[in-house]
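S.K.: Sequence:
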Amino acid sequence: MHRAAPPTSLPELEARAAAIIGLSLGQLAADLGAGVPTELRRAKGWIGQLVEAALGAEAGSKPTPDFEALGVELKTIPVAEDGRPHESTFVCTAPIEGAFEASWEESRVRRKLARVLWVPVWGRRGEDLATRVIGRPRLWVPDPQEEAALAQDWRDLSELIVGGELHRIHGRLGRVLQLRPKGANAGDFAWMMDEEGEWVRAVPYGFYLRARFTRAVIGRRRREGP
DNA sequence: GATTGATCATAC
DNA sequence: GTATGATCAATC
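Position one of the first sequence corresponds to residue 1 (this note's numbering), numbered consecutively onward.
Honestly, I wouldn't trust all of these hints.
[Unchecked claim] Calculated cross-link-like contacts (lysine-lysine; reagent style BS3-like; alpha-carbon spacing at most 27 angstroms):
1) Lys182 to Lys44
2) Lys112 to Lys182
3) Lys112 to Lys62
4) Lys62 to Lys182
5) Lys62 to Lys44
6) Lys112 to Lys44
These are computed hints drawn from the structure, not numbers from a lab. From a predicted model like this one, the values you see are computed outputs, not experimental measurements.
From just these sequences and the hints, can you work out the full model?
M.R.: Printed below as a string of structure tokens:
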């Protein structure tokens, strides 16, 4: 797949993102010389990777922002016709004992979400990938209220991990941020410390943004379609 | 229909 | 295995 060179400025990135509004994923893939998977079930990250290539995000698996020089993270988000997100948004894996983060300010969640370029993609579940359409991008910097909500959830949830209260962790906790499994499958595990300080096998967790939070974020001052 | 727990692909 | 990119599918 052809990959654009990284944008050198924020206006350049925003111009590129604006230039692909209204394109179908089929058109975008063709422009980049890429094929279109027949089912997303076997290619869950494909849309994100396609938009990365189109906008010139760095490839690879580095724990750095997609647009490193600009400090911008790219997130595609599947949305319905009314602009509401269909899904939660993965942020990062949760820290395990031995690599926990002492403060919200130093957390990966905060760094990841410092500046996010949201690219909505219209489509219905099960819809042919090629016919889904790129929506209007939004550059998001959390406002003080949003950051406060994120920080509180992060602290509450991190406390459970650091305190080893693993049995209390489930997806219903958190107003805007939640902890959910993030692994290859149910057999996947991580070594974590329980309340007694014993190392135990536990499912690896990840932080996710709730869909209703993302909806509020990308819906700020929305006057037109996504 | 929304949500939670489970799952899929790829790079290094 | 850990990071990246997320959505699936059973259940509420």
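S.K.: Evaluate each hint against the coordinates.
M.R.: Status of the hints after comparison with the structure:
A distance of roughly 14 angstroms separates the Cα atoms of lysine 182 and lysine 44; the hinted pair therefore holds under the 27 angstroms criterion. At roughly 17 angstroms between alpha-carbon atoms, lysine 112 and lysine 182 fall within 27 angstroms of each other, so this suggested pair holds. Straight-line distance between C-alpha atoms of lysine 112 and lysine 62 comes to about 12 angstroms, which keeps the hinted pair within the 27 angstroms bound. Distance restraint check for lysine 62 and lysine 182: the Cα-Cα separation of roughly 18 angstroms lies within the 27 angstroms cut-off, and the hinted pair is therefore satisfied.
A threshold of 27 angstroms between alpha carbons decides the hint, and for lysine 62 with lysine 44 the separation of about 19 angstroms falls inside it, so the pair holds. Between lysine 112 and lysine 44 the alpha-carbon distance is near 20 angstroms, which keeps this suggested pair within the 27 angstroms criterion.
The structure is consistent with each of the numbered hints, conforming to all of them.
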